[in-house]
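Enquirer: Sequence:
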Amino acid sequence: MHRIVVASDLAMTHDTAFGRGCELAATNCAELHVLRLASRYKHSASPAADGAAMLAEARARFPSIASITISAPIPRSARTIAARAGELRADIIVMRNEIDPNQVDDRPFDLIVDVARRTSIPVLAAQGDSHAPYRRLLALLDTGDDARRVLDLALRMKSADSLFAVHACPKHSSREKTAEAMAELERVIATALEGRCDAAATITPVVRNGDLASVLIEEWSALHPDLIVAATRKPHGLEGIFGHSHVADLLEIMPFDLLVTNLETRENNHLEEPAMIGDAGLKTKALAAARHLLRRG
0 MHRIVVASDL
10 AMTHDTAFGR
20 GCELAATNCA
30 ELHVLRLASR
40 YKHSASPAAD
50 GAAMLAEARA
60 RFPSIASITI
70 SAPIPRSART
80 IAARAGELRA
90 DIIVMRNEID
100 PNQVDDRPFD
110 LIVDVARRTS
120 IPVLAAQGDS
130 HAPYRRLLAL
140 LDTGDDARRV
150 LDLALRMKSA
160 DSLFAVHACP
170 KHSSREKTAE
180 AMAELERVIA
190 TALEGRCDAA
200 ATITPVVRNG
210 DLASVLIEEW
220 SALHPDLIVA
230 ATRKPHGLEG
240 IFGHSHVADL
250 LEIMPFDLLV
260 TNLETRENNH
270 LEEPAMIGDA
280 GLKTKALAAA
290 RHLLRRG
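Here the sequence shown is numbered in numbering that gives the first Met the number 0, starting from 0 and rising by one per residue.
Source of the hints: derived by calculation from the structure; they are not laboratory data. This list has only true hints and no planted wrong ones.
Pairwise CB distance ranges, derived in the manner of DEER restraints: (1) Cys196 / Ser63: 20 to 28 Å; (2) Asp197 / Ser66: 19 to 27 Å; (3) Lys176 / Ser119: 30 to 38 Å; (4) Ala51 / Gly127: 23 to 31 Å; (5) Asp109 / Arg60: 26 to 34 Å; (6) Ala59 / Pro169: 50 to 58 Å.
Beta carbons are placed, not taken as given, at the ideal position from N, Cα and C, and that holds for glycine.
Please construct the entire structure, taking both the sequences and the accompanying hints into account.
Expert: Here is the structure:
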């Protein structure tokens, strides 16, 4: 990664997107570009610390960052964010996934989902404080080239030492189908690692039966990853969640960081609104399972 873009209003005292962006830029000796989004403070709220002071502190704390720039405030528009990140040739867009109580109707997860739909640049939804680099990754893989591209993205996280490659089979798959899925997953992993002497993470293949949301939540609870890496495009992939914006609901209540890549390639970096597809009960089941696991933990 050579160019990290943070899209944030920098309104919170400890901005999760800015902190994670600094950590990623330092790890990769990369450029850090901050797109400062217009804030919407409540009348009683006090403005956040000056952006220039935050940049000065970041330069002192992370001397390996190649350079840091900050833009003038821009609209909180997914189209604008995607366009500006494209102009900067960003390798990743980092966004805050933490509600700011001092702003009016602050729903950062909705904006994240919209940005992810509109660009092929991977989008990182940062929720936790960046006290340490990502070490344990969980990559949700479909099949074939799509799985390979998601795995390649996960391997770009240089700090990772453990990577769990997880594939969800249909709920009632036979043992033979599950074994076939495992063999295909192992083939994808072997292909992704060919000629990559820089891949330091240990990759563990995991195949589970069930719908994607349930498998994601169960494996997150069991494996405790720092970061989830996933993709959207096909009805049988994360599009089943994205189609109804269910990912926004998961982002709102689940305490994990999520890196999403949109595998759909379209001209002019423009994506049409997605069709309403997928199981109508997926949202209810996913949220119920998530709340159960959170109470259990």
